[in-house]
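As given, the protein sequences belong to chains A and P, one line each in that order. For the first sequence, the residue numbers in our numbering are 2 to 219. For the second sequence, the residue numbers in our numbering are 37 to 495.
Everything labelled a hint here was simulated from the structure, so no lab data went into it. Ideal placement from N, C-alpha and C gives every residue a C-beta, glycine not left out. A hint or two may mislead.
Stretches of chain A that chain P covers, calculated by requiring three or more beta carbons in the stretch to come under 8 angstroms of a beta carbon on chain P [stated by the list, open to error]:
{"id": "1", "stretch": "58-71"}
{"id": "2", "stretch": "152-162"}
Below, a list of computed lysine-lysine pairs in the PhoX-like style, where the Cα atoms sit at most 20 angstroms apart [what the hints assert, rightly or not]:
{"id": "3", "chain 1": "P", "residue 1": "Lys-58", "chain 2": "P", "residue 2": "Lys-274"}
{"id": "4", "chain 1": "P", "residue 1": "Lys-138", "chain 2": "A", "residue 2": "Lys-211"}
{"id": "5", "chain 1": "P", "residue 1": "Lys-58", "chain 2": "A", "residue 2": "Lys-210"}
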Amino acid sequence: MRGLLHITLTLLLVVVVAFSNSSAVLADGEDGEHALEMEVNGIHVSLANQNEWKKGENTIIVTLKDSSGSPVKNANVEMLIGPMAEEHAEAEDSHGAAEPAAHGAEQGHSSMPGMEMNEPAPESQEMPAHDEEKEPLLLEESGEHGIYVLETHLESAGTHEVNVMFHVNGEMLQANFVVEIPGVLSKTIVLWSFAAINVVLIASAGIMKKQSIPVKGR
Amino acid sequence: MATELKPQNKSIFAGGNLLQVKAIDQLMRSKWFPGIIQWPTLLLFMLIMFQLLLGPESAHDNLGTALTWVLWWPIIPILFLFLGRFWCAICPFATVNDLVQKFVGNNRPVPRFLKKYGIWIIDALFIFITWSDHVWGVVENPFGSGVLMLMLTTGVIASGSFFERRTFCRYVCFLGGLSGNYARTGMLALRGTPEICAKCTSASCFKGTEKAPGCPLFEFPKTMTSNANCVICADCIKNCPNDSIQLTVRKPTKELWFIRKPKIEEAFLSAVIMGIVFVQNVTMLEVWGSMLKWLENAVGTTNYAVTFSITFAIAIIIPVALLGLTSWIAGKFNKSSLIENFTRFGYAIIALDVAGHIAHNLFHLLAEGKSIFYTAIALLGQEVHGASPALVSMETIQFLQYGLIALGFIGSLYTAYRVAKNNHSGTLAWRTFTPYAVLIVVLTIMNVYLFVLPMAMRM
């Protein structure tokens, strides 16, 4: 009896923990260190995560190199990151397939997630996106030139748009990436897990009832 | 013979037995009661679950979210005030518990640790669920709300499968703990008639008969002094061979004036609820964003779990600490220990808790009430765009909120006065009462201030 209770409670706990911190359970196999890359006006931009992309704390690394492969220094790199509107997410290829943004801030801003107030992002309802800034976040230039780092907290999972803005020779350039933040367990898995636990509970109780005399009836 | 001893013919408004009213008596004794309300509630619950788990992902469009958080959650403390814990009699989770128990229940005794630490477990669960709602966005996320319901369902299935009666409702359910405290302010009281019960040896009300099961929440009307664990399911009314059970209307908060065996965990819960109402209000204020920014700068992290946990802890600690401080000051006069005073007078805050809770939820009910209709007709393919979800103006809502807080203030103040008078005499009673009066004034001002500031909506 006690053992059975322990098993069912453990199963329940697994579901609860999995749901609350589901990134650990249903990562989509994406190698977090694998960089997304693109060229913007001859500048090679790569976007990577120190670990895996996940809901919660992330250390994001941007590397800038010019056409000759030399690191781009003092580029004043900023980043906007936020959940992507559903129709945009469907239209985009999933990883790093976004086109390089046109030069100049005005055109680049038109697709920024923070500006799309009328189009709720698919995951934005899931969690309050307290830390997914509508204002650009400044990246710190690390010791190695051309490498810029940002530690940030992502509140929600799902498709996110990452806009990297940087300055080269007084001109502002922008690279737009799309990343998939794994995290939400499939509804089906959650529902089936609960169903399974409850079936186990009821079945065990039924078996135990047949094997023993009840103490007190209601 | 037995009925002659009952206070018949006394007006029901003067504490007379409601069962004198034939219609009420027939309803309570009917085999269809409370099933006639229980089963439709279960069906509605199933619709809500379907919507939450498989319906629209946006809370704004989800009927399950609207019915749960805009209708049910705001109404429930009002029900506690007027009908005590009657909700628990018709609660769909309890129905699931009973169903499972009927078919596969093993009816084992309640584990000892639950009996001993049940209310502390409820306190902890209530704090955890409120915290997790904010950190994981349960209310804003229909599926998250659905998972919360599934967890509760699993809890009652486990309880109904293995343990007797409604173990989960009595010892684990966080809402049960809240409702237990709130039901003490409630206007319905169920008791046995002492003169009749004194001669009774059958204890049918507790054990059950062929007419109905025994008390689902392990209460024994013969010795009951509180409605905290009475769900007014009427099983005892059906079972009593002597017609001893009385259902009476009483003054709101009256039970709080005469708590015979006050418990620190219940007093603690009343202070915690005050803190939770504070935090619910604070996080819905439009200034919350700026407060959060300030906190992020102060603690050096943008991690919401961290910043909210700090806010949450502060909000809960404030009323607990204030009650503790007040109890310490009162102890200087009445020579009782801090714990004794804390335990006795903690109950006085419950009236203000209920008022603050209803006032907070009134905003959701009245400012977002039409969203229930909009989301319901959306199921039929009728979209409503741009229409206000408000049932009444903000001015009306604020007026009602202040009125409720005023009533809660009076209720708490008078309860503190009665508790002081019941435990001390003469000037000592007044000296004991005065610090608590100051505390209640402070808590009232804090509540009023939070309702003055503009709030954000849930839907």
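Requested in this report: Go check the stretch 152-162 of chain A versus chain P for me, would you? Three or more residues, Cβ under 8 angstroms, otherwise it fails.
Outcome: Holds, because 3 residues of the stretch 152-162 of chain A bring their Cβ atoms closer than 8 angstroms to Cβ atoms of chain P.
Requested in this report: Would you mind confirming whether the straight-line C-alpha gap from Lys-58/P to Lys-274/P stays at or under 20 angstroms?
Outcome: Holds, because 14 angstroms separates the two Cα atoms, which is no more than 20 angstroms.
Query raised in the report: Holds or violated: Lys-58/P with Lys-210/A, Cα cutoff 20 angstroms?
Result: violated (41 angstroms)
Query raised in the report: Does Lys-138/P pair with Lys-211/A here, judged by a C-alpha cut-off of 20 angstroms?
Result: holds (13 angstroms)
Report task. Would you check chain P against the stretch 58-71 of chain A, counting CB to CB pairs closer than 8 angstroms, and say if three or more residues qualify? Result -> violated (count 1)
The structure does not agree with the numbered hints 1, 5 stated previously, though it agrees with the rest.
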